[in-house]
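Chains as they are written, first to last, in my numbering: chain A, 19 to 523; chain B, 51 to 389; chain C, 18 to 365.
By construction, these hints were calculated from the structure, which means they are not laboratory data.
Yeah, the Cβ is synthetic: ideal placement off N, Cα and C, and Gly gets one too.
Among the clues, some could well be false.
Stated by the list, open to error - List time: in silico DSS-like cross-link candidates among lysine-lysine, alpha-carbon distance up to 25 angstroms:
1) C:139 - C:127
2) C:126 - C:98
3) B:371 - C:139
4) C:98 - C:66
5) B:103 - C:230
6) C:192 - C:66
Unchecked claim - Examples of chain B residues lying across from chain A (beta carbon under 10 angstroms, computed):
7) 269
8) 275
9) 363
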Amino acid sequence: MAPEPPLLSMSGTTKSFPGVRALDGVDLDVLAGEVHCLLGQNGAGKSTLIKVLAGAHQPDTGTIRWRGEDVTLRSPIAAMRLGIATIYQELDLVEHLSVAENVHLGHEPTAAGFVVRGKAAKESTAALLKRLGHAEIDPGRLVGELSAAQQQIVSMARALSHDVRLIVMDEPSAALDPDEVDNLFRIVGDLTAAGVAVVYISHRLEEIRRIGDRVTVLKDGRAVANGLPAKSTPTREVVALMTGRNVEYVFPDRPDSPPAAEPVLKVQGLSRQGEFETLDLDVRPGEIVGLAGLVGSGRSEILETVYGARKPTTGQVLVDGRPLKPGSVRAAVRAGLGLAPEERKAQALLMLESVTRNVSVSSMSRFSRGGWIDRGAELGAARAATRELSLRPDNPSVPVRTLSGGNQQKAVLARWLLRGCKVLLLDEPTRGVDVGARAELYAVIRRLADEGLAVLLVSSEVPEVLGLADRVLVLREGRVVHTAPARELDEHRVLDLVMEGSPAS
Amino acid sequence: MTQPVSPPRDSSTDKVPQAQPPAWRGLLFRADVRTLSLLGVLAALILIGGITKPDEFLDTRNLQLVLTQASVIGVVTVGMTFVIVSGGIDLSVGAIVALASVWATTVATQEYGFAGILFTAVVVGVGCGLVNGVLIAYGAMVPFIATLAMLASARGLALQITDGKTQIVTVPSVLDLGERDAYVLGIPPLVMVFAVVTVIGWLVLNRTTFGRRTVAVGGNPEAARLAGIDVRRQRLYLYLLSGLCCGIAAFLLIVLSGSGQNTNGNLYELDAIAAAIIGGTLLTGGRGTITGSVLGVLIFTTITNIFALNNLQSDVQQIAKGAIIVAAVLVQRRTASTT
Amino acid sequence: MPEITSRRGLLFGAAAVSAGALLTGCTSNEPSDSKDEPAGNNQPAADDKPGKQVTIGFAGPQADHGWLNAINDNAKSRAEKYSDVTLEITEGSNDTAQQIGQIETLINKKVDVLVVLPADGKALTQVGLKAMRAGIPVVNLDRIFNTPQAYRCWIGGDNYGMGLNAGHYIGEKLKGKANARVIELAGLDNLELTKQRTQGFDDALKNYPNIRKVARQAAEFTVESGQAKMAQLLQAQSRFDALWNHDDDQGVGALRAIEQAGRDDFLMVGGAGALSAFQAIKQDDGVLKATVLYPPTMAASAIDLARALGQGKGIGGMAEFEIPASITLYSAVVDKTNVDQYMPTGFK
């Protein structure tokens, strides 16, 4: 008897988005009844891969075999019909419908083909919830009234309401308390015992050790390791695989000695309930300070709070020794702060407008008199600022949406350059920027610092923080767990710190 | 001190997509296409009018008539364009015109003569705009709801003031402004006001920081906020501006009709929105032109004129108006998708 | 950016306060010298001698038009004339559901008689039936219910007759004029009554072969629309001899457009019977020579009928013991010869 083929077998899966190759020839085999863990840093391609599995993205190339047969996952419904269910990190439940209605959404038990049999739906939902160990959830309640953990159970019940053979779970433990995590693992155990395969995504290595069977590691859109034994592969090796660079970043030199000037930005005891706690840091002119941490460690929240876009619970921000009005972007901008946010298109750019207007938007008073804009002066100033950053094309009249990611980021930097800001807050400055263009952006950031700007940098890419920053603060769950000059840290050390949270030695 | 940056290995990654022909020319060309297509529609309408009613349509008096009839709704549309460009909507414009026009024509107000009527119309308009603006900007109300509430209240107050009666204007200087004798070089004063409001509106939207902020707030409010723009204050000013335009329009309507009535400004909100939309203003905000909106108004007024001259009835007029809105939006979507 | 908010704010605040002070004084509509006489006439009522106490419930639409406002005024002032009548009047509403609720409240209050001017006759038929079944006689004013079972007596104007009389008046004035041209400025085309008026007008004109109706445009019973549509009509028709305008309210706008165009080469006949129209007819210095009545005094008559019903009387001057089931009012033509008589009934 021939060995049973894998339940799912993907090979050579490639998926590109404009400017980014998210998946580059990924192979993945999932066996029936196993827990297959997917590991990788942010941007390694995990989300794209699970969206391909869920039928939400169509791969450019590659084959998918399901129980030995070639299939095409044309749509989420097609994937669901085969028996592939996905539980996303951002739960896709309808808050204003009841638990039972959510569980049966799209395949309601009906009489005569269209009359929804509400009672039958509730009964089957109650049975599913009981099987998941949450009999206390009332199928008639609105989903919006449930806790995050309960909502996740509902999401799982929905997956099980189909005849499911493979469940993809995207960081299911992120929102759960320890005993809820135990229940989750019990459910995963029950499922695999019944022959269902689970693709499990998590940042927490200890979880993978506990429930995982095999591990596939993604890095820059490629599967750098397939089917490693989850329990016996050393942590060091897994981390090395996740970070092992096949792209050489070119980082500019840093000054030999840290700048001696007084800090221009001081953050004292800054906290935001549930996001980060009692943060102290200062940044001197000419210095780049990096914050390293995973998603959920509070990085972006810190920058936005410093910038006044969020109101702190406690603490204060001082620029040149003067405290800023908390929660006021305008006060921050007036004091000389500038933010290049993570979501460039949603938070920084006016996509319908020209580069000029995007660059000039924060300094309009400089070339206007009584509200009247001197467009010649505006264009001249925008051109000077974009030239200084060698933004291409060298024509600030083009719409900003036609620019590449790197040049869009330069447009945002040019905005603050033109404004003459003292402190630049950079949130994931190279997200969506082609690898080739990154080096140039790093050089620009370093040059701005050399010219006297203070830079506070946040990045989920550890090499970026280590390569660019002078000093690094390592964050874990909203707390600084370690501070050191960048040259004294290496990537493994930082990853250990952010993932395991082991105290600084 | 900076180590030489090695050139990016793949220099093509940084090339601008569609660098040929230069994108700025494409932008200019597209803007022109939009205006040109509206001018084309207007030209076609003029052709139709000229063929069907050569004597009545192609006539100085008719030109004066069309422009005069366009003035009141035109001024309202200029204000509405600003609001829509900022990503908002003002459903209360018709009701504000009604309230301002009746408040300005009460027996008591008319005792203050020309200045009293003009002042009252403008202040009532601005006052209603202020309420809208405060509710939306600082009360965090959705513009649709806030201005819908204003629509209901302003209409109710207008009815309360008039008691359903028509308030006839007896101030001669106001009435004279709407007469043929007041035309300067053949241009009716109402049309002059419309022209001035249009030009100022164009300048403000295109040449001032106020206009820039409006576009920024409409295009991406979060980005505008993070760029240091006071988004709330800008919103307040925008509804004030719309109210001001309504006040001016109410005065024009008083001059034109020689009266104030609580039914004035009936469905102006829809006419103004429709004109702005066919003029190329995005309902989602971030883009719009005064030129387009004014052309939209002129297109609608010309259609009404041609239909009336040809003695077609109101049912046909309404059907045509609906068809033109749909056609204009479809054409725009086509031009947008071929970007 | 330099901030001058506070100073600007102060200036603005001061302006707002002073403007507010001036404006609140400006909502007054009382002329400083003359007293506002309620519309109505002094025709003797059916039977002036006081009789049994009668409570009359009155429900009408929102008075957002001069004519409707006059209806309310007529009903109120008529009721005040009788010491034996108590009038329960509801807040006018154009919302069918709300009006139904108001009438049901009146039924529950057990008023003796109901006078109803429905916002929509068809939609309010059921509540008329309900009142009748509850033993409350209903006087249906103007906009007629679907079935005669829903009212004891209907009284209203004659839209067809309005058009007919306007047509005949114009026909007689233009008699002997060859190739006479007539235009029509109609009311809101959505309403059946507008169609009826136009039908009557067209039927009347058939009697005069020398007359041709050359244009018709519909306005919306508002001054604004009257001005706009009339301006277009004047541009479209460089020569015509007579104009019939369905409604004196929109006629204010129409007259404004005529004045602005500087035209006086035709005669104009109005409709409804507004005070401003009567005054213009009396002055006789413009194109408006006559208006065809759609008399708001019908509301006063409805109160009379309701009182008679409540007291079990008939109408004076008729042989029957009972009041009639249906009364259609005559749409009289008011011109210079008889305008003085109608002046007190003119509405604003």
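Hints, verified against the model:
Under the criterion of a C-alpha separation no larger than 25 angstroms, the hint pairing residue 139 of chain C with residue 127 of chain C is consistent with the structure, at around 24 angstroms. Distance hint between residue 126 of chain C and residue 98 of chain C is fulfilled; the C-alpha atoms sit about 23 angstroms from each other, no more than 25 angstroms. This hinted pair does not check out: residue 371 of chain B and residue 139 of chain C have alpha carbons roughly 30 angstroms apart, beyond 25 angstroms. For the hint pairing residue 98 of chain C with residue 66 of chain C, the CA-to-CA distance comes to about 11 angstroms; that is within 25 angstroms, so the pair holds.
A threshold of 25 angstroms between alpha carbons decides the hint, and for residue 103 of chain B with residue 230 of chain C the separation of about 18 angstroms falls inside it, so the pair holds. Of the pairs offered as hints, the one joining residue 192 of chain C and residue 66 of chain C is violated, with about 49 angstroms between alpha carbons and a cut-off of 25 angstroms exceeded. Below 10 angstroms, beta-carbon pairs count as interface contacts, and residue 269 of chain B has one with chain A at about 4 angstroms; its hint therefore holds. The interface hint given for residue 275 of chain B is met, as the beta carbon of that residue sits about 6 angstroms from the closest beta carbon of chain A, less than 10 angstroms.
Hint status for residue 363 of chain B relative to chain A: violated, with the closest Cβ pair at about 41 angstroms, above 10 angstroms.
Violated hints, in rising order: 3, 6, 9; the structure is consistent with all others.
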